[in-house]
Amino acid sequence: MEHNARLTYLLERLAARTATEEELNELTALVERGETGISIEEVESWLEEHRPQPQPAFDEQHWMAVADQILMSDKLSGVPATRLTSEGIDGMSNGNPGKRAPKVHFLHGWRRWGAAAIILLTGAGAWFMNRHRQPAPASTVAEHKLLDAEPGRNGAVLTLADGSQMVLDSAGNGVITRQNGTSVMLKDNGLQYTPEDPGSGEVKYNTITTSKGRQFRVVLPDGTKVWLNATSSLRFPTAFSGTERLVEFSGEAYFEVAKNASQPFKLKVPGKIDLEVLGTAFNVNAYTNEKNSYTTLVEGAVRISLTGKNGSGVVLKPGDQLQAGSESMEVTHNANMEKAIAWKNGLFNFDGVGLREMMRQLERWYDLEVVYEGNVPDVRFFGEMSRTLKLSDVLTGLERSDVHFRLEEGPRLIVMP
Numbered sequence: 001m002e003h004n005a006r007l008t009y010l011l012e013r014l015a016a017r018t019a020t021e022e023e024l025n026e027l028t029a030l031v032e033r034g035e036t037g038i039s040i041e042e043v044e045s046w047l048e049e050h051r052p053q054p055q056p057a058f059d060e061q062h063w064m065a066v067a068d069q070i071l072m073s074d075k076l077s078g079v080p081a082t083r084l085t086s087e088g089i090d091g092m093s094n095g096n097p098g099k100r101a102p103k104v105h106f107l108h109g110w111r112r113w114g115a116a117a118i119i120l121l122t123g124a125g126a127w128f129m130n131r132h133r134q135p136a137p138a139s140t141v142a143e144h145k146l147l148d149a150e151p152g153r154n155g156a157v158l159t160l161a162d163g164s165q166m167v168l169d170s171a172g173n174g175v176i177t178r179q180n181g182t183s184v185m186l187k188d189n190g191l192q193y194t195p196e197d198p199g200s201g202e203v204k205y206n207t208i209t210t211s212k213g214r215q216f217r218v219v220l221p222d223g224t225k226v227w228l229n230a231t232s233s234l235r236f237p238t239a240f241s242g243t244e245r246l247v248e249f250s251g252e253a254y255f256e257v258a259k260n261a262s263q264p265f266k267l268k269v270p271g272k273i274d275l276e277v278l279g280t281a282f283n284v285n286a287y288t289n290e291k292n293s294y295t296t297l298v299e300g301a302v303r304i305s306l307t308g309k310n311g312s313g314v315v316l317k318p319g320d321q322l323q324a325g326s327e328s329m330e331v332t333h334n335a336n337m338e339k340a341i342a343w344k345n346g347l348f349n350f351d352g353v354g355l356r357e358m359m360r361q362l363e364r365w366y367d368l369e370v371v372y373e374g375n376v377p378d379v380r381f382f383g384e385m386s387r388t389l390k391l392s393d394v395l396t397g398l399e400r401s402d403v404h405f406r407l408e409e410g411p412r413l414i415v416m417p
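In terms of UniProt numbering, the sequence shown has 412 at position 412, counting the first letter as 1, and numbering is strictly consecutive.
A hint or two may mislead.
[Said to hold, decoys possible] As a list, the in silico SDA-like pairs of lysine to any residue whose alpha-carbon atoms are at most 25 Å apart: (1) 268 with 211; (2) 187 with 204; (3) 212 with 288; (4) 317 with 280; (5) 344 with 299; (6) 268 with 163; (7) 212 with 396; (8) 266 with 160; (9) 268 with 155; (10) 390 with 360; (11) 187 with 175; (12) 268 with 160; (13) 212 with 341; (14) 204 with 242; (15) 317 with 223; (16) 204 with 165; (17) 225 with 243; (18) 317 with 244; (19) 212 with 148; (20) 225 with 205; (21) 225 with 264; (22) 317 with 390; (23) 225 with 209; (24) 291 with 415; (25) 259 with 184; (26) 268 with 209; (27) 259 with 337; (28) 268 with 256; (29) 187 with 258; (30) 268 with 164; (31) 225 with 361; (32) 317 with 301; (33) 212 with 370; (34) 212 with 342; (35) 268 with 217; (36) 266 with 333; (37) 266 with 370; (38) 259 with 192; (39) 187 with 217; (40) 390 with 163.
Please keep in mind that the hints were generated in silico from the structure rather than gathered at the bench.
Start from the sequences and build out the full structure, keeping to the hints where you can.
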């Protein structure tokens, strides 16, 4: 392509990953204002042709700086960009020279616009996908516009000690049952256990379960507050007695534990981890279909050990996140707290999230079955979106990347390259 010497110099610096902040600003301005007469497509083509081989390891800090500079143009043009952060990015190909990094898509403006433009970065090249570009051919989402999925909502099933079940989606406010000296009240889209005569009778257990497309909040007999994400389960006694407060859990939940130093709160995630806390706030992501579990501490202190493993465990401090596998644990300090508890605040946070992990989140929230066809690319996304969006709005935004979708009855979502 024909271009001036200055643009060539800036592109070469960008491709070599040696561009300074000032040079990134200059390059962004040149491309956005069109002063050189060079189209975005020509920039993409040039960067592709001049990508170094073999591909070096993904340089996270460099590309986040590039993205930040490009996204500044959104502010100048009046289109708000969502928060972007370099925290909590994992699973990249850092430290693996010669391995091509996965493509990275930045989603912005979703909270206000529903779907937005994307900046796509691949290795040492940068593809500027401008919001003014011609739209892609009619998507399979548009073709199946009549098919859609509503976002999740509040709801759960309560299983009582005798095995009977109560669907809480449609139950009205008020006391719904009394067990073992404890009243159980449905109030403000949540369940509250209040001990009235805790010393009466044997300890009985209840289980509250959320299905796909449901979330729920419960206040336990000790005052501990628990927010359950979709496809989660919590088993607990109707009254806490003895020297500890023990509950069992699977899925994802945010806990605000009532303080009681003389009766430690213990959380058991079968087959994964055991937690012990005195009084704290933390998020646990421990879905059975995820390889690792993640515990993120907001305040207080928590001790975590692998189920069935000897040892004193690991003590977390506020801001720490523990990743636990079947045989090992790893702590990240100064973790991305907003990402960990975004779901509780009505958001999806996809900072550093791969496509398949994203699909599992959407599968749980929109009550879907996700199926993959063909060689679906390895992509990672950054940004936030509201959990109140309809599925069609989400998919329309995602189809600006290298992934396409077909929504069938069920609903069944087909993911294609």
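Hint numbers the structure violates, sorted upward?
-> Of the numbered hints, 22, 37, 40 do not hold.
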